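Single-letter residue listing:
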Amino acid sequence: MSHVPGQHLSELPAGARGVVCHIEPGDDALHRLMAMGLCVGRDVEVVRQGNPLIVRLLGARVGVAGRVARHVVVERHT
Amino acid sequence: MSTTSSCCPPRANLTATAGFRLALAGNPNSGKTTLFNTLTGLRAKTSNYPGTTVEHRQGRFKLGGTEIVVVDLPGIYDVKASSEEEQVALNILTGERFDTVIIVADATNLRRSLFLASQVMDMKVPVIVALNMIDLAEAAGIRIDVTALARELGCPVVPIVARTGRGLAELHVEIRRLQTTPSQVLATCDICGGCRFQSRYAWTDAIAERCIQQTGQATHRWTERLDHVLTDPVIGVAAFFAVMLAVFFLIFRLAHIPMDLIDGLFSHVGAWAAGHLPEGDLRNLLVQGVIGGVGGMLVFLPQICILFFCLSLLEDTGYLARAAFVMDRLMQRFGLPGKAFVPLLSAHACAIPSIMATRVIEDKRDRLVTILVIPLITCSARIPVYSMLAALLFAHDAWRASVVFTGAYALGLSAAIVVAFILKRTILKGETRALVLELPSYKMPSLRTAVLMTLDRAWVFIRKAGTVILGISVALWVLATYPKSAPPAEAIALQHQAAKLPADQATAMQAKADRLISHNALANSTAGHIGCWIEPVLRPLGFDWQIGIGIVSSFAAREVIVSTLAVIYGVGEETARDNPESLYDSLRRAERSDGRKVFTTATCASLLVFYVLAMQCLATQAITRRETNSYKWPAFQLAYMTVLAYTGSLLVFQTLRLVGVA
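Line order of the protein sequences matches chains R and E.
FYI, the numbering used here numbers position 46 of the first sequence as 46, with every residue one higher than the one before it.
Throughout, the numbering used here is defined as the position within the second sequence, counted from one, plus 78.
Simulated from the structure, these hints should not be mistaken for laboratory data.
It should be emphasised that the depicted structure is a prediction, and the values quoted were computed from it without experimental measurement.
Hints may be right or wrong, so weigh each one.
Claimed, not checked - Some but not every residue of chain E turned toward chain R, in silico, with C-beta under 10 Å:
1) 250
2) 465
3) 509
4) 708
Stated by the list, open to error - Simulated restraints, written as ranges between beta carbons of each label pair:
5) E:315 x R:14: 53 to 63 Å
6) R:17 x E:299: 17 to 27 Å
7) E:315 x R:8: 19 to 29 Å
8) R:14 x E:300: 16 to 26 Å
For each residue, glycine too, the CB sits at the ideal point set by N, CA and C.
All chains, full assembly: derive it from the sequences and hints.
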């Protein structure tokens, strides 16, 4: 998986935006996150980094535990 | 204004004869409940959905002479069941016949609402989309082309503001239209291939592209500024404690006024009944068992109401989501989600509303663990017991007495945390649900929603806990009254003496005789026998049979031990209430049959630990039964807490005895 050109959501700095390019399965809470609009190909923005962190999805703010955010790989917009 | 698509084929109208059934579906925070309350007002009924602990609200209203039944579905993001709530929503939507489903969409975040809408539409039920909070959307510079949206979706779209009632008339018109004219099958959104989330969101994006115009960047600026502070890991936690402090201040400052009123009212009613009924057991049963029982139950109500009112307002503003957010990391360490924190903290006022408030916890196991440990937290009913024991341990020493209090609170809280930690690793094993929580935009709370919510909870309490408390207080009265015993010789002698004296001297003597009689009656009653019977079990804890009676009689409500001890040690209930020091003095002087003091330091410390950890509250048990939908969990709660309290007291008493503090 090392060639996936992205960073985990949990590693992006506050203010960073990107496109979700991969979601590694493994946490039940990912399903909820996907239903809230975080799925492959969609935009996401980190509002506050930390554990839990805050992301912006579809204009809404969502608090996400660090251990869930580690499953989401994001390709950062430049 | 609203628009109906005309391109759809007609569907047979099923509503001509049967009552018209309407369901409300929507995301959490979409204002679904506010709309439900606006539509139905007070004519709503809350119950558990059969076989689950998910609440199910049903209400009615009249529209054009027809009764319309409204069902409020749990707030969901997705209809593919990943939680019990989503499962129930799905079961109701697919299992029951609805004439119309109103999808309550958040106009400020339409795309996500459309995601759910598209799934409901796939179920082939007639749909009306209510664009709620259109005022906030307008203020944020979001312009929605309602006509175009209705055309795209193939269903009526009505912009509304549920909180103020704006757009409600138009919504009624659309419901009427579906009631009287054949309704339409919806244009389903043609989705195929790919991840189901991805394709649905592509569809909602396409619609949003055509129907929404975003002008300006004014979106939720206030929310961002506030959140900058309120979700901060340090300031946010401090702010949260400040908010909860204010809630507690309100509870303890305001609740005592109605509590005193209720107390006073029931003593008056009791005195009135005692004066008007013929003397005898029936009178005593009515006065002590029934009137006392109802009063003892209703006295909890003010705290419950204030707590729910505050929590409902906080929830509605969007703040409670931030509280769960900032507490999540800490709580996860103990195996509980951040959402468990507010119920645990509220339990310092009363366990009953706190257990009801655990409904916000999504994961079934997390919620169950929280419910099971809540009664360990020191509630306000323990305060009179702590006061008595602190006074017995350290008479006239406010500093040490406050250390006793703090220690008791800390013991309860630590016990709750440790038990939660153990339960999550043993019988309720499982990973704690990770936080994925929407932080909705802050908004003005709806007073109406808060009042309705409070009334609803109060009613649940009266129905579920009240009946149990009443039944048990009657049962305890029977235990403490039968079998009857003849008054002791000493009391008869006193009464004879009193009869010969002038009235002013006789009163005191008569009162003493009465105290002797009630002491004797209680000691020889079934409760007294149980106290004696369990004495061998209690002796290692440092308790005698009289304390045993106190424990038995306070099984339903822990604070009762104070008045029972007052009767047992011959102080009289009234004296103990008006002048607690006189009770403490008698207790300090009380001796066992061998001349040793009853309330030694070791016994007091042991009794304190017992009352910190023991269940001793049947109302809580009744609510646990309702909230877990089983008898198994309240039984488990009672069992583990009894074992914990017994072991704790045993350790404390035996250790203190060994080190020579007796």
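Results of checking the hints against the structure:
1. With 10 Å as the threshold, the beta carbon of residue 250 of chain E stays out of range of chain R, its nearest partner Cβ sitting at about 30 Å, so the hint is violated.
2. Nearest Cβ of chain R to the Cβ of residue 465 of chain E: about 41 Å, over the 10 Å cut. The hint is violated.
3. Restraint check, residue 509 of chain E versus chain R: the minimum CB separation of about 8 Å is within 10 Å; hint holds.
4. Checking residue 708 of chain E against chain R: minimum C-beta separation of about 24 Å lies over 10 Å; hint violated.
5. Checked against the hint of 53 to 63 Å, the C-beta distance between residue 315 of chain E and residue 14 of chain R comes to roughly 19 Å, which is inconsistent with it.
6. A hinted range of 17 to 27 Å holds for the C-beta pair residue 17 of chain R and residue 299 of chain E, which are about 19 Å apart.
7. At roughly 26 Å, the beta-carbon separation of residue 315 of chain E and residue 8 of chain R lies within the given 19 to 29 Å, and the hint holds.
8. Evaluation of the 16 to 26 Å hint for residue 14 of chain R and residue 300 of chain E yields a pass: the beta carbon distance comes to about 19 Å.
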